[in-house]
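Peer 1: On the provided structure of chain F, position chain B with the ligands as indicated by the hints.
2 protein chains.
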Amino acid sequence: GGGGAESLDYEVVENYAYREEQAQRGAIYVAYTVAVKWFFALLIGVGTGLAAVFINLAVENFAGWKFAATFSLIQHSYFVGFLVYTLINLALVLSSVFIVTQFAPAAAGSGIPEIKGYLNGIDTHGILLFRTLIGKIFGSIGSVGGGLALGKEGPLVHTGACIASLFGQGGSTKYHLSLRWLQVFKSDRDRRDLVTCGCAAGVAAAFRAPVGGVLFALEEVTSWWRSQLMWRVFFTSAVVAVVVRTAMRWCSSGKCGHFGSGGFIIWDISGGQDDYSFEELFPMAIIGIIGGLLGALFNQLTFLITYWRRKYLHKRGSKVKIIEACLISLLTSAISFGLPLLRKCSPCPEMEANSDMKCPRPPGMYGNYVNFYCHKEKEYNDLATIFFNTQDDAIRNLFSAKTFHEYTAKSLLTFLAMFYTLAVVTFGTAVPAGQFVPGIMIGSTYGRLVGMFVVKHYKKLNVEEGTYALLGAASFLGGSMRMTVSLCVIMVEITNNLQLLPLIMLVLLISKAVGDAFNHGLYEEQARLRGIPLLESRPKYHMRNMTAKEACRKQKVVYFPRVVKVEDLVSILRCNKHNGFPVIDHSRNGEALVLGLILRSYLLVLLQSKKDFQHGALPCDLGGRSIPIRHNFSEFVKPVSSKGLSIEDIHLSPDDLEMYIDLAPFLNPSPYIVPEDTSLSKAYNLFRQLGLRHILVVPRPSRVTGMITRKDLLLKE
Amino acid sequence: GGGGAESLDYEVVENYAYREEQAQRGAIYVAYTVAVKWFFALLIGVGTGLAAVFINLAVENFAGWKFAATFSLIQHSYFVGFLVYTLINLALVLSSVFIVTQFAPAAAGSGIPEIKGYLNGIDTHGILLFRTLIGKIFGSIGSVGGGLALGKEGPLVHTGACIASLFGQGGSTKYHLSLRWLQVFKSDRDRRDLVTCGCAAGVAAAFRAPVGGVLFALEEVTSWWRSQLMWRVFFTSAVVAVVVRTAMRWCSSGKCGHFGSGGFIIWDISGGQDDYSFEELFPMAIIGIIGGLLGALFNQLTFLITYWRRKYLHKRGSKVKIIEACLISLLTSAISFGLPLLRKCSPCPEMEANSDMKCPRPPGMYGNYVNFYCHKEKEYNDLATIFFNTQDDAIRNLFSAKTFHEYTAKSLLTFLAMFYTLAVVTFGTAVPAGQFVPGIMIGSTYGRLVGMFVVKHYKKLNVEEGTYALLGAASFLGGSMRMTVSLCVIMVEITNNLQLLPLIMLVLLISKAVGDAFNHGLYEEQARLRGIPLLESRPKYHMRNMTAKEACRKQKVVYFPRVVKVEDLVSILRCNKHNGFPVIDHSRNGEALVLGLILRSYLLVLLQSKKDFQHGALPCDLGGRSIPIRHNFSEFVKPVSSKGLSIEDIHLSPDDLEMYIDLAPFLNPSPYIVPEDTSLSKAYNLFRQLGLRHILVVPRPSRVTGMITRKDLLLKE
Ligand SMILES: Nc1ncnc2c1ncn2[C@@H]1O[C@H](COP(=O)(O)OP(=O)(O)OP(=O)(O)O)[C@@H](O)[C@H]1O
Ligand SMILES: Nc1ncnc2c1ncn2[C@@H]1O[C@H](COP(=O)(O)OP(=O)(O)OP(=O)(O)O)[C@@H](O)[C@H]1O
Ligand SMILES: [Mg+2]
Ligand SMILES: [Mg+2]
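If you're matching them up, the sequences are chains F and B in order. Reading the first sequence from the start, the letters are residues 6 to 722 in the working numbering. Reading the second sequence from the start, the letters are residues 6 to 722 in the working numbering.
Okay, chain F solo, but in the shape it has when bound:
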């Protein structure tokens, strides 16, 4: 695997420059850093909240306007209505795919696998750039507004991460938007924490689920975690909640067009079933199993189709991508408009006197019982109620309580088959795309189907079909994404109902277990396909029987002496692609000593700046502090999401090549080491848990000069 993906340097390089910088830092500087961290957490929350509001506002307005126009046109002619509906969808999707292919290729897809990779230690090129952010925001407005079978939640997580990363580098340097006084975070390590905050903010904004956001960041994306970070992430989520709520309030007075009536996903299911009997556990377990099966199938199919797309289709350039997206848009429009046309309308049920539901629903409103191609007055089209609608409204209708027998089994099955196919086919198109809402759609459809059977067979129980739809949604997401706690909390927060928590837990446990029997979660599968080599949290079983030395196979270690001739340096860097090199010093009496590890990126910076070239091959004296500090520590930091320098970018004169360079001040003097016959599983734990990039394998030591135990680490000062 690997492809073009490069690892991040989460380890602190405690070299000379770093130590100098640390020594200069006073208490004020430390306080300033902490303050900036919290300030950034605030900004990330505000930024992500506003981005979410903007996306929702735009999508709701586009979609609302589209459906309003179509509904008024079909009063006269269904054909004209269809035409306009299709063209609006096509235009929106086209704008989205155009932005993505021409301007921000990294904005395609959900972005969660890439962010997961980033937090696991792998940088995917371009994933956190400013242009990706812009592409993501406008692209997802187009793709979601254009009615494709995808959602805006995954992209929002990516958006949050981009915003966080931009703050992390103090703005976008490319677009001259950077602020010097905010550039305090110089290492991949600090940026990682910010990106974690950004992810949580994204989920919090997407679902208005602040606790769910924290848990998502914790369970699904991060690979390392500290409880201090938890608090900061929590703060960011709280800020998002406040921002979104304020915006919703402001909009509720009608200032935001169609937004505010439909608005953010919150599917309030209060007034539904709030108790359950033991007999119901059986059909619920069935839902869990279906969820696991359909979810695993979804992962498998999307894996295959993405594989095929990458291999045959997307190689041929962006034109093919654009045509593909347009065809899928046409297909989606045709199915969502055409299928309900083929369906016979059902007569309206008797409405209870005090219900605010109307059948058929009045034109221009949201709600159940859509009149679409019905010839009689008091009729509705159940397929149109879910199909010919925004996904948010469709889910609201599927979750709705007190609407027994609204849907026929045939309609639900048709919808399930069609929408499932559309979701699979749409997955991997070159537009920003989330899988949460489509997943909820699919799940709630078969959930409601099971609910209908339960209502029929256990006649006496107080059963609501909407509750089963909710459980179905949870089960499908569990079966596909394999999250547990975070998904559970998100489901609770979006439905605003705590009563069903144990049931959601049960269904999730079953569907995850069933899904795990077949394949990995959706994000892991996709990461694998994209060449993002995620390290799992535990070593594989067979690693117990291997040693660290065996893992390195028969590689000959490429290393440098302390003082190296520029010519040699360049030629070694040219002829291999390694990113870290041990530096070994030979003292006069022939004894060798490993001084540390130097990163390729550091060497390239040194070669480019030429400041440290010297004429003699003699090392400078570090202890006496005689070397002037010619480099700021921050010069060595690789810019976010860029390939950084390459050896081909560096041009040296023949004179330069004759010079020497002393690597001692720049190397990492204490890389982590393991003796060569350590078992690989121990080395794995070291690597994974500390987030390393290199481990040096060394011979067994011959002496022990000290022991560190807990007591030695408890020093006070």
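Worth flagging that the hints you see were computed from the coordinates, not collected in a lab. Any given hint could turn out to be false.
When chains are identical, the list treats them as one kind, so a pair holds in a single copy or across two.
To be verified - Restricting the straight-line Cα-Cα distance to at most 20 angstroms, the calculated cross-link-like pairs of lysine to aspartate or glutamate (EDC-like) are: (1) Lys-545 <-> Glu-19; (2) Lys-407 <-> Glu-357; (3) Lys-570 <-> Asp-661; (4) Lys-42 <-> Asp-280; (5) Lys-561 <-> Glu-541; (6) Lys-716 <-> Glu-681; (7) Lys-545 <-> Glu-26; (8) Lys-616 <-> Asp-661; (9) Lys-415 <-> Glu-572; (10) Lys-716 <-> Asp-661; (11) Lys-616 <-> Asp-667; (12) Lys-616 <-> Glu-572; (13) Lys-570 <-> Asp-660.
Peer 2: The following block gives chain B with the ligands in isolation, referenced to the frame of chain F:
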């Protein structure tokens, strides 16, 4: 620090015996282990759920019966009522302190600091024994039923951990309750995971908050975390939720006496305020600040009082402890009965027609407006409503909505001062004691006080005093325990209301920040006092400027040769207390080589069994597998919560002392090592993140034989 606390061995000792055992294991064995793990998760859930139901049932019945008796007696004579009330309380408290002091000393207190220590890597003697479990269950029934200012939630966490640990060792060996086929978990590492499950189960059972339980285990107690574990913990919590719910259902038909009407803490505040205006944020911030201040003060006072108790009082034996508890019980009874007597009754407010509240409340019922020492018919005593009641009911009354002006500021202030003092004084008594419910009491009192002012001053707003009481409760807990996400979720789950989530978050952030300015959280302070040396998740700042070698100071490392004479072994073990020793082999040509690390506990087992004694000083051949396996891997495992063997327990004949022992098959061949000039903060990260007990400090290596990078760890098989 340290005292008698010993570290746990979380690291896997990959010695010869272990490798042999691993090699013998087939796929069936692995599947069996996984199945047992899940089975244990189930059992822990069921066990903790049942324990919680039992404790609640007992407490509610004792307390309910006590208050019923007192209320019927005071119709005739307040003096007789007081006498009976006091005596019942005294009897209950006496039984509790008696059980604890005579039978299970480790059951005193909340147990959370000790469990936190256990999961951080420190074993406190006796904390997870069967007798501690029994003492905890019956002790907390006595102490809570006896009306002391403490709760049953902390003890439930400890109970859950004990249950988990007992399953982890397959029952209690001491009481011959163990099952061989369940003894699959032989290492401290596996037990740690189970104890984590147990903690989550405890919180889930105490508050009926399954998600809160998972988060509590994650945020507050564990030091290491894997996402696989999260799923198992989540499952356990779900099981607890189901068990508790089933029991509650069964009891709701009145089969459980007083239990079922009051029952588990769930303070439903639906029907209260579900919206808030920006003006309210100011008083809410005030609540946060008060919470931070009072919480930090509480930590400080309890720290001092516990310090004083441990130093002067509890040294003198259990009689003093018993007398102390009895005095505190008498004081509590006198205050809670006496103070309301001094208070003038207030006239009942006008009740709304459709409200189910009555004023004064009918005798034998639960609810607001308690008639206590009131001379007129339509009067109630507001101080008695909170003071002369079980804590659960008092909190329900403080949280209640639509009860404006029920309490006077004077009553609330009196109660706050008195209860705060009682809570501080009671803390550290030799009975099982939690701080959650007292914290909620204190917090909701000043919260309601602030709420009263808000109601008075912002007249137009739809403000409920009960909502402010809830925020106050959150703020005090945040200020004292310094939890964030888990506390937030627990508050939401116990009040069954998601609407207030952002407000609770806000208040918690403020109170934690204010509290952190003064001292550490309650549990950390208590752990420090008890000599439990918790390692924080991050190294101290000054560690960056120290090397690993400096941390070991000038210690001379005590080590063993590969084949050691028994006499030397015994004398070395006698004359120091170290728990790990490097083993260094000198080959014939004089070269030395560090073979690994041997634990004291292993050496003691070897000395006791005598099986491996040999006559010659020649090492046996490991490679040729010529040594017979005389030891089962499990023999080396230290029993839970016991001191294990000591060198004094071992008796050797003079002949034995002349023998030799080859340590090679038993040592840990790959302990983690760091070069001596590694910065201490790196060594700290290694120690803390991997949960180590020993790090060997070695000289810088002279060669690098290999490099491990991400690519090398991605091998497939
Ligand atoms: N200095 C070196 N000398 C010899 N072999 C090396 C050296 N550095 C790395 N290798 C080996 O070369 C292979 C690829 O190395 P590379 O440095 O590209 O790491 P990687 O796993 O691709 O991670 P990344 O490039 O993202 O840091 C690995 O098998 C690694 O063990
Ligand atoms: N083999 C050894 N030789 C020399 N010094 C040691 C050795 N083992 C430990 N020490 C030192 O002795 C001190 C106390 O050691 P001890 O083994 O009791 O560890 P501890 O921190 O108390 O943890 P625990 O006893 O719980 O494992 C520490 O400063 C440690 O560095
Ligand atoms: Mg590489
Ligand atoms: Mg010790």
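Peer 1: All the hints need checking, so say for each whether the structure fits it.
Peer 2: To see whether the hints hold, each was checked on the structure:
no.: 1; hint: Lys-545 <-> Glu-19; result: between (31 angstroms within a copy, 16 angstroms between copies)
no.: 2; hint: Lys-407 <-> Glu-357; result: within (10 angstroms within a copy, 31 angstroms between copies)
no.: 3; hint: Lys-570 <-> Asp-661; result: within (10 angstroms within a copy, 63 angstroms between copies)
no.: 4; hint: Lys-42 <-> Asp-280; result: neither (45 angstroms within a copy, 31 angstroms between copies)
no.: 5; hint: Lys-561 <-> Glu-541; result: neither (27 angstroms within a copy, 40 angstroms between copies)
no.: 6; hint: Lys-716 <-> Glu-681; result: between (28 angstroms within a copy, 18 angstroms between copies)
no.: 7; hint: Lys-545 <-> Glu-26; result: between (40 angstroms within a copy, 18 angstroms between copies)
no.: 8; hint: Lys-616 <-> Asp-661; result: within (11 angstroms within a copy, 69 angstroms between copies)
no.: 9; hint: Lys-415 <-> Glu-572; result: neither (75 angstroms within a copy, 85 angstroms between copies)
no.: 10; hint: Lys-716 <-> Asp-661; result: neither (52 angstroms within a copy, 34 angstroms between copies)
no.: 11; hint: Lys-616 <-> Asp-667; result: within (11 angstroms within a copy, 58 angstroms between copies)
no.: 12; hint: Lys-616 <-> Glu-572; result: within (16 angstroms within a copy, 63 angstroms between copies)
no.: 13; hint: Lys-570 <-> Asp-660; result: within (12 angstroms within a copy, 66 angstroms between copies)
Comparing the model with each earlier hint shows violations of hints 4, 5, 9, 10; every other hint is respected.
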